[in-house]
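Protein sequences appear in the order of chains H and A. Quick note on my numbering: the first sequence kicks off at 635 and runs consecutively. Quick note on my numbering: the second sequence kicks off at 609 and runs consecutively.
Keep in mind that the hints are not guaranteed to be accurate.
[Said to hold, decoys possible] Derived DEER-like restraints, expressed as beta-carbon distance ranges:
1. A:F629 / H:A1088: 33 to 43 Å
2. A:H803 / H:A695: 53 to 63 Å
3. H:A897 / A:D721: 53 to 63 Å
4. A:F629 / H:R774: 35 to 45 Å
5. A:Y626 / H:G869: 49 to 59 Å
6. A:A782 / H:R1041: 36 to 46 Å
If you're looking for bench data, these hints aren't it; they were derived computationally from the structure. By construction, the Cβ of each residue, glycine as well, lies at the ideal position given by its N, Cα and C atoms.
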Amino acid sequence: MSVHASGAGRSLPAWVPGGPPSDFDPVAATHRLRRDRRRAQRPDRWSDFYITFFGAVILLAYLSGVVQFLAQGMRASAAGSLVREGIAVVPGADAGSALLLLALLGVASLLSRMGPVAVDRAQGLWWFSLPVDRVPMLARQLRNRLVWVFIVGAVLWLPLGLSAGTASYNGFSGPPLGELAAGSFTLGAEFVLVGLLVAAGQILHLRPMVGRGLRVLGGLIVLAYAVDAILRAAGTARLLTPGIWAGLPSAWPSTGNWAIPAALLLVALVGWAVVRPLLGRIPTSELLEAGGISGHAGNSLALLDARSLLGSFAHGPRRRSHVRDPWPRMIPARFTGAPVGALLRAEALVLLRTGPVWGRLVISLALLAGAVTARGGGTAVVLCVAIAVSATLAGQAAGVAAAEAARVPGLDALLPLDAKSARKAHGLLPAIVLSAWGALAGAILGWALVGPGAPGQWILLIGIGVFCGIGVAGGSLRLAYRPELDWDAVLQRQMFGRGALPLIGHAVHGPELMLIAVVPWALAVLGAAIPAVLLVLAVGLGVGAWFAGTYRPRPA
Amino acid sequence: MDTQDAPLLTARELVAGYGEFEVCGPLDLVFDRGDALGIVGLNAAGKSTLLRTLIGRQPPLAGTASVLGVFTDDTSHIHRRMISAVFDEDAFFDSLTVEEHLQLIASGHEVPDGQEAVERELEFFELTTARHALPGALSSGQRRRLLLAAGMIRPSELLVLDEPEQRLDPPMRAKLAVRLRARIDDGGAVLLVTHDAILLTTVVDHCLIVDEGLRFATAAEGAAAIGGA
Chain H
635 MSVHASGAGR SLPAWVPGGP PSDFDPVAAT HRLRRDRRRA QRPDRWSDFY ITFFGAVILL
695 AYLSGVVQFL AQGMRASAAG SLVREGIAVV PGADAGSALL LLALLGVASL LSRMGPVAVD
755 RAQGLWWFSL PVDRVPMLAR QLRNRLVWVF IVGAVLWLPL GLSAGTASYN GFSGPPLGEL
815 AAGSFTLGAE FVLVGLLVAA GQILHLRPMV GRGLRVLGGL IVLAYAVDAI LRAAGTARLL
875 TPGIWAGLPS AWPSTGNWAI PAALLLVALV GWAVVRPLLG RIPTSELLEA GGISGHAGNS
935 LALLDARSLL GSFAHGPRRR SHVRDPWPRM IPARFTGAPV GALLRAEALV LLRTGPVWGR
995 LVISLALLAG AVTARGGGTA VVLCVAIAVS ATLAGQAAGV AAAEAARVPG LDALLPLDAK
1055 SARKAHGLLP AIVLSAWGAL AGAILGWALV GPGAPGQWIL LIGIGVFCGI GVAGGSLRLA
1115 YRPELDWDAV LQRQMFGRGA LPLIGHAVHG PELMLIAVVP WALAVLGAAI PAVLLVLAVG
1175 LGVGAWFAGT YRPRPA
Chain A
609 MDTQDAPLLT ARELVAGYGE FEVCGPLDLV FDRGDALGIV GLNAAGKSTL LRTLIGRQPP
669 LAGTASVLGV FTDDTSHIHR RMISAVFDED AFFDSLTVEE HLQLIASGHE VPDGQEAVER
729 ELEFFELTTA RHALPGALSS GQRRRLLLAA GMIRPSELLV LDEPEQRLDP PMRAKLAVRL
789 RARIDDGGAV LLVTHDAILL TTVVDHCLIV DEGLRFATAA EGAAAIGGA
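Here chain H stands alone, though its shape is the one from the complex:
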């Protein structure tokens, strides 16, 4: 008697209930059993679809507007560049290609955390205990995910592709529809191929290595971009880096050539034919782990909870069960006798062990460096947007430990600290980390805007950065302790057409303080010279924002 899966070819005892897998289709059976209830819920489902669809369209419209605004700003750079001569050396198309390549890696990383082949706990428990072939179940799930991934990729290209056009009072003149559609199909197909590659990694039991590999690759791309910028600034770019970015897959969508998506989709079909029959090899534990992350992410998205969404991706595959690192010895508990000291130590350990925090901090700095070295990135609009995005990214990352404390309020109650002091204590570590981040970011801006020729101005920008960082820490605390979205308020206001207000209020709770804190930077960037009074403003806004963010309102 042959064996179906592992150990194929070995004989089994005669009493073993062998034979082929059962023909029973658990997915169909489950749907059949709950069909009546789903029918009753149909109006709700249509309503959800309606809201989701129009929400996505509105979001896309806003995104298109922002991208268009930035693109116009970059094109107007010749006259309005604020960075020094010889700094903005990387062509905008190359910078865009590098950014899109990082985005593709980000998609691969997200997909590897969510599977892409995954089952939720109920499916794992009730379907996987049945003697059925898993492959059709998993293939159906993977196929659905790949279709969605294709749609997301294709739609995401629309604002990027449209940014090549120009908007004016006379209307919009964009790329031909055929080119735009080809770009859309190309990015969609690239997303699908990324998904298939990650699924192949799951089959080969390489999921943890895929995550590490992607991080290394991301680091290499940032490094390659930095090397490219330095070589170009030194005038040797043509010798050493002849068009490396233009040939990468991230540059393919902008070619508008239909042969590329056709070839990619063909490769995807071949990839699907290879991957599909092997899906049964993925261990149940891995499917369940990925399903848990997918479920958490899906619920967070449904509740529009960005903090929880990021939290769901924070732990990659193979969550550590034990930790043996040098940090506890480097920050000995005996030196942190007081409650605030103990809290600081605990938060420092959390931060040191949360790899994505440092990754996001590095990305936020790389974003600033990338903007100033890209041609067209030195305009006021692009620099201000880069500062804002960089600050919110860093602020969110540095507040991870405080967010954990906010999620489990009982932890604070274990210490002899009143709630107000505990909140302030949670703001200390983000302030330390973000003031260092602000100094580095200020150094990057100073190098690009004033350079070694004006050391006083450079130091002033670093000083402003330190206090901006402290203010951003206040915003990160406010974000960490953001109250849950009041859906009742949303629904009540929805009747009067004002449902968006509480949603927006929830979304900006925290980031608004971060943006206020970086106003001195924006003013420094916009002005011809940097007056010392800006440092005073930075101190006022930074310290004020920190106190505002760490203020604990009286419970209602």
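We have chain H; now place chain A onto it with these hints.
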């Protein structure tokens, strides 16, 4: 080729754990039809980890564990036909009722007279009045009963139970113990992790005590270990 003698479960130098952290082992074990073994130990001793590793739910850190000398993980449908395992996994389809969950398992395992089997389990686990209830409306104990019913409604060569007494009231624990003993007397194999001394001594004659190391003992010695004696 006559492999009638292939044991149900074999472990050789098996070490269970997570990552690089060894929880327990090494263990050598040959487990066959009609065998019954309890596993006892304090919290975090590694009982459940050992159980999962033994039946291929998680890879061993060292050594081997196989079902029928062939299957080292649970991806094969034959493995799933052979072994019914109930761990503390509180997961349900939100929109399926108690009865529909059991129907799903009965149909999937091609249980003859599936509906009759569903009725029997509903009655045994005293879920008849809750048959149309959705999981969200069940008490914690009822959810546990439903999981046990799902594990017992289907045919299997080996029944694996991880602390089945959890969240069950004493009368149900006693009923379950009697049923498990009858199953063993009829030639069924049972692996049972428990903290309940009475359940242990009623169901099995031998057990594995997981403490500093692993040692085989009688059920009475296992019960004494549970009691801290």
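Outcome of the hint check:
no. : hint                         : in the structure
1   : A:F629 / H:A1088: 33 to 43 Å : violated, 56 Å
2   : A:H803 / H:A695: 53 to 63 Å  : holds, 59 Å
3   : H:A897 / A:D721: 53 to 63 Å  : holds, 56 Å
4   : A:F629 / H:R774: 35 to 45 Å  : holds, 36 Å
5   : A:Y626 / H:G869: 49 to 59 Å  : holds, 54 Å
6   : A:A782 / H:R1041: 36 to 46 Å : holds, 41 Å
Taken one by one, the earlier hints fail for this structure only at number 1.
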